[in-house]
Amino acid sequence: MSTPTPTATIESLEVRVKRLEQEKAALEQEVRALRLEQSIAVPSAAGAEQLYASSGDSGTSDSRGAASTSAFTPFEKVVALTNPEIARYGRQLILPGFGIQAQMDLRNCSMLVVGAGGLGASCALYLGAAGVGRLGIVDHDTVDISNLHRQVIHNEARQGMSKARSAALSIQLLNPHCEVVVHELVLESSNAQEIINAYDIIIDATDNVATRYLLNDASVLGQKPLVSGSALRLDGQLTIYNYRGGPCYRCLFPTPPPSETVTNCSDGGVLGVVPGIVGCLQALEAIKIATGLNKEDPPTMTLFSANSSTMFRTIKLRKRKPDCIMCGDAPTITKLIDYVRFCGSSATDKTPDLFLIPYNERITCQEVLKDSVPHLLLDVREKVQFDICSLPSSLNIPLKALPNELEKVKARLEGHKDRPVYVVCRRGNDSQPAVRILQENGITTGEIKDIVGGLEKWSNTIDPDFPKY
Amino acid sequence: MTQHFKVLYFASAKDASKTDGDKFEWSDNINAEALTKLLLERHPDLAPILKISMFAVNMEYMDQDNSWTVQPGDEVAIIPPVSGG
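Residue numbers (this note's numbering), protein chains in the order written: chain A, 4 to 472; chain X, 13 to 97.
Treat the hints as calculated values from the structure; they're not laboratory data.
Being a predicted model, the structure only gives us computed values, none of them experimental.
The beta carbon of each residue, even a glycine, is placed where N, CA and C say it ideally should be.
Each hint should be verified, as a subset may be incorrect.
As the list claims (entries may be wrong) - The calculated label-pair distances, taken between Cβ atoms and stated as ranges, are:
(1) X:77 with A:354: 33 to 43 Å
(2) X:60 with A:361: 20 to 30 Å
(3) X:46 with A:369: 50 to 60 Å
(4) A:187 with X:15: 53 to 63 Å
(5) A:159 with X:15: 56 to 66 Å
When you get a sec, could you build the whole thing from the sequences and use the hints?
Take a look at the structure:
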């Protein structure tokens with residue numbers, strides 16, 4: 004054949020350039036994935052973080068590395084998927100009722116997962132894997148071994164690393180096409196609105212009451228759907244708030260629970276897979292919102308009871324309440340308030356130290372150890388905790404049962420009415436009201452004291468072999 | 013014949029009542045207020061939890077405004093908020 008016509012040459016050059024650009028993008032993605040893998044292989048979390056941060060700097064125009072992205076850099080939408088994306092999402096693309104349009108909707112959607120704990124772990128992994136274009140992760144805490152039974156997005160080697168950063172790493176390793184934005188902070192009234200406004204869908208995967216009300220109010224003010232999940236022990240709840248005329252969190256729960264009725268996972272326990280299941284449901288609902296799969300669904304609350312023969316129940320909800328102070332016709336809350344004060348509880352799930360008994364009326368672990376006077380040691384933890392570990396010859400009566408079981412204490416003091424009683428619990432909180440109960444009932448003429456810091460302190464300062472849980 | 017209705021307890025309501033559900037004898041005019049009284053007679057520990065709970069009847073949300081009454085055979089659910097994660 005003779006030489007090609009000029010037009011044909013230009014066309015083939017354009018095709019070639021396009022192909023090379025695609026190859027370049029694919030290779031860059033591979034390089035980023037390899038860098039991330041290398042950073043994970045570094046044993047110290049600090050080292051991993053450093054390498055990870057530097058991997059973001061190598062980004063080119065299409066770099067979607069986590070550390071380099073801010074929620075406030077404009078989110079670039081696309082009109083077509085790349086070939087590597089088509090290859091990755093093929094099983095969703097051929098899914099009837101989903102297909103290319105839904106996949107594009109996901110790619111052009113931004114979501115914010117608040118909390119990289121038990122709920123956020125499964126939720127963020129599935130959203131990242133599914134092809135959400137931009138995923139923000141908020142968490143102020145660090146990876147802790149005692150949470151890994153449910154926070155499966157983190158791992159052993161990342162102990163001490165920021166949870167938001169660790170979650171971003173895991174998502175990037177799973178799917179480098181997902182742009183992850185790290186928010187290492189406590190979400191509060193001063194910063195929440197700006198962050199929430201930067202995303203399309205908000206996912207409440209938090210662990211405390213104050214942040215739940217904050218997220219609700221900020222989502223109503225920012226007009227964002229809020230996919231809310233929660234889990235404790237063997238139970239979970241899932242609701243989409245502030246979506247298509249449905250209720251907000253305050254419509255259903257106008258009064259925050261008094262702090263003494265709120266139990267966190269650390270004190271109440273939680274079976275790891277339970278928040279995992281609720282987190283998966285949150286990811287599913289967020290995907291349905293982004294892709295319009297749930298167009299006709301009325302508002303509902305899904306209740307998950309792991310130990311019931313009916314594991315899932317769906318409660319039909321009403322529309323938003325016209326008299327709701329947040330989303331009603333004449334709202335009285337028009338900007339974010341002080342949620343820690345409103346809820347009377349902190350914006351984390353950490354159990355605060357209680358100061359009911361003056362320090363000089365308490366006893367330290369060292370003093371108990373040195374004490375040569377015979378005494379009665381009363382352990383007021385729940386039986387399930389006492390069964391894990393206990394100090395020798397301690398008597399177990401849980402705080403809740405103590406008022407009705409004082410006879411058991413009296414029986415142990417029979418013939419020794421002046422013997423001191425020392426009360427111990429897990430962290431030195433429950434032991435304080437227990438002391439008051441014993442004092443009010445004049446259980447002994449001897450001293451009644453509680454051990455500062457409880458068994459955790461005992462393990463930290465006296466006996467490192469004593470288990471902590 | 014005596015007629016009954018059922019009550020289901022979720023999350024912290026289950027802990028406080030120490031059961032996931034029980035039966036009550038039905039009578040006329042059990043509105044939200046009367047229902048609360050009945051529940052507290054049987055489970056006094058529910059007091060702080062009922063104040064913050066949502067009620068559902070036959071899997072449908074109900075306002076706590078006495079605009080409805082429990083019917084024989086109804087299944088009432090006591091749903092307090094869960095906040096852990």
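Results of checking the hints against the structure:
no. : hint                        : result
1   : X:77 with A:354: 33 to 43 Å : holds, 36 Å
2   : X:60 with A:361: 20 to 30 Å : holds, 28 Å
3   : X:46 with A:369: 50 to 60 Å : holds, 57 Å
4   : A:187 with X:15: 53 to 63 Å : holds, 58 Å
5   : A:159 with X:15: 56 to 66 Å : holds, 58 Å
In terms of the numbered hints stated before, the structure departs from none.
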